[in-house]
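Undergrad: So the chains spell out like this:
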Amino acid sequence: MKPAAFDYQSPTSIAEAVQMLAEPPEDGGDVKVLAGGQSLVPLLSLRLATPARIVDINRIPGLTGISEEGGVLTLGALVRQRTAEHSDVVARACPLMAAAIPHIGHTAIRNRGTIGGSIAHADSAAELPTVALCLDAEMVAHGSNGERTIPAAEFFTGFFSTALAEDEILTAVRVRSVAPGTGAAYEELARRHGDFAMVGVAAQVRLDGDTVTEARIALSGVDAQPVRASKAEAALVGHTVDEQTLSAAADAATADLHPASDLHASAAYRKHLAGVLIRRAVRNAATRAKESA
Amino acid sequence: MNTREITVTVNGRRHTRTVEVRRTLADFLREDLGLTGTHLGCEHGVCGACTVIIDGVTARSCLQLAVQADGAEITTVEGVTLPDGELHPVQEALRDSHAFQCGFCTPGFVMAIYGMCEEKKAGKPVPCSRAELREELSGNICRCSGYQQIIDGAEAALAAAKEA
Chain A
1 MKPAAFDYQS PTSIAEAVQM LAEPPEDGGD VKVLAGGQSL VPLLSLRLAT PARIVDINRI
61 PGLTGISEEG GVLTLGALVR QRTAEHSDVV ARACPLMAAA IPHIGHTAIR NRGTIGGSIA
121 HADSAAELPT VALCLDAEMV AHGSNGERTI PAAEFFTGFF STALAEDEIL TAVRVRSVAP
181 GTGAAYEELA RRHGDFAMVG VAAQVRLDGD TVTEARIALS GVDAQPVRAS KAEAALVGHT
241 VDEQTLSAAA DAATADLHPA SDLHASAAYR KHLAGVLIRR AVRNAATRAK ESA
Chain B
1001 MNTREITVTV NGRRHTRTVE VRRTLADFLR EDLGLTGTHL GCEHGVCGAC TVIIDGVTAR
1061 SCLQLAVQAD GAEITTVEGV TLPDGELHPV QEALRDSHAF QCGFCTPGFV MAIYGMCEEK
1121 KAGKPVPCSR AELREELSGN ICRCSGYQQI IDGAEAALAA AKEA
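Heads up: the protein sequence lines correspond to chains A and B, in order.
Per the working numbering: the first sequence = residues 1 to 293.
Per the working numbering: the second sequence = residues 1001 to 1164.
Only chain B is shown next, with the shape it has when bound in the complex (with noise of 0.2 Å):
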């Protein structure tokens, strides 16, 4: 088997693992680590579902071998709650916005939209409208067609992330 040794700091904690090089990271988050908040939908970039933030930028992890990654910082959707427990921002202005049914999509949405929040703190530009935040979100799938509360809830929380 073709393995490789990689180190990878996920949620800041550091790991060392061997992984066949044919991996890909989300398997890797998954299976490894045993990170299972990153959801696998389609396992080829259209679902948005594995979505995750690779040193400061969100990325597929569905589309990344785990090789690739090494001596990468990311984060998952187990990294965004906060230390003491309490929900992200994000997080929490989905719940309020009843931003899910199934679930299944909603690591990969609160992701997405975390990333879109950490941006605007960086003072970068953000989608400003609905019809923008669709556009930016249409790489979420979401089969319970729930979109209207997820931009309710993308809304609400890039207006409360402020510009640090």
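Next comes chain A alone, as it looks inside the complex (with noise of 0.2 Å):
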């Protein structure tokens, strides 16, 4: 229970952090970044995680922001989840964040946990990934060739992976502030509060009077990685949300899945979870939507 050794770095800028990531470590295996250190201290413990070298980007400045600036919500890779969790900007700009991070285990982990730090490990039981493929984030990166911007849709590649390259870091994330009308919701079911959710939904609905407009619906814990639930989303779109429009989005959604059976649930139970989950996500985001309307 304790973590093999290993060589550790502090940069303080994100050029230096790049470099010390594309160094590879004198005798082989594997770098990696420490950012709020609640999934990776736990795997270094478990030693589940040997990485030969540790780069620990909480000195580097500049990556605690929040801002919101032409329609565009922007979060620095090292904001705390408790901070982003209690602000204002983001409760308005993204109320889907500001619902699915209560979610993440408990105060404690979140006053560490970072928001970029659980979107690159990419656990796909987790919230916030979830949140960003439903939102369609960019992730931007900046590496040995510069700064680049990844779409949700392309970040995520499978099981704790993601199309960053050995030698990028994440450094923020930007999504979309969501227009009048529109409310959002995150339901997920876990044995005890904090610990890794069964399934998640993350739902995000803009309506028109009664008819939905937009819809936007993710799946976490049913598959390697976050799924976007398109067939529901267009199930939805220009119905109201009554009790048939619901059961079709949740059939829509759930036809396709095939997660997987473990200790924590059946794949039989996670799909009928995320039915479930989806209709009560669903309609609670379309009672916010009417309320902020």
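Quick partial rundown of chain A residues pointing at chain B, CB under 7 Å, derived from the structure:
#, residue
1, P3
2, Q38
3, L46
4, R192
5, G194
Here are the simulated SDA-like cross-link-like pairs (lysine to any residue), alpha carbons at most 25 Å apart as the crow flies:
#, chain 1, residue 1, chain 2, residue 2
6, B, K1124, A, V89
7, B, K1162, A, E85
8, B, K1124, A, I66
9, B, K1124, A, G65
10, B, K1124, A, H86
11, B, K1162, A, T83
12, B, K1120, B, A1156
13, A, K32, A, D167
14, A, K231, A, D208
15, B, K1121, A, H86
Among the chain A residues that face chain B by a calculated CB cut under 10 Å, a handful are:
#, residue
16, L34
17, G36
18, G37
19, S39
20, P102
21, R112
22, H193
Don't read these hints as lab results, they were simulated from the structure.
Virtual Cβ for every residue (Gly too), placed ideally from N, Cα, C.
Combine the two chains into a complex, taking the hints into account.
TA: Here it is as structure tokens:
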């Protein structure tokens, strides 16, 4: 239960961090970025991760900002989850993120855990990757070849895997601010608050009167990576949110799902749960959309 | 051995030590500073026994490297007792509620509830109902399962903490 030995570096600029990531350790082995550490440090302690070098990005200034400009909300990669949870800017511009964050771990975890760290770790059961996919967030990455922006649809590539190259770090996340008449909800089921969710659903809908004009749904815990439920979204647009529409959306989303069975839940239960949570999330999102109109 | 020198203020006292970079903050507090009030249960962030205050907010000391705490201000359970040796109101509330059995989880609960009381004093939102308190404290595990009394104590401590 103690981490294996590693080399530790704490760069004070993005350029320095990138250089440390790009340079292979002398005796081989992995290089890992340490942000909030709430996923990486347990992996180190359990020796599921035994990197040769750790690049601690916490001393890089300028990565903790939350700003909204021109209808785009930008969160620095090192924004602590608890800071975002209490942010008025996030609550207004990205109610889905505000709804999702309280589901992450516990207060003491969110005090340290970062927005960027959770997204880069890309746990398929985690909340923030699901939110990022749901909202078509853009991930800003810095590497040896400079800066680039990666759309969420291309960012999550599989089991704990992202499009980030070995010499790249995630520096910011951008999402479009919500339009008036938009509501969001994040619903998940875990055996105990803070545990990994068996299934989670992120939903955001925009209403014109009672009619859905835009719908976004993404699921966690049903595949190796978060999954967008495009068919369920299509089943909602142009309709009022009633029991029939909710059933159509839930059926459309779950038809294509092939979740895994594990200690926590069987595949059949996960699939059932996805349908239940989609109904609940869309219903709650629609209620909030009406309130915000 | 891969080491770094760090300076950390713990319970108001500055300490400068050379630590192995893989040493967790929890092990640093317990083994290097002898502050064994911070307990280690699971060592991977699940049980909450190692909860301390780092720069004003609660954190798991097992989920941070000691080297990362360079320059930080930390309060451990040893630091919440009042200067005259009297128990802190959180400790009193837990004692009055009989919120202990074996006591292993107690330091973590004290720090988690202390953190909530400090947030309340700072005007931040804190759990109001017993149900919310249960959720909030679900990050701390008591294997004796004495949760009723712990929630009683937390409720009493929060009620007593007043916004400054």
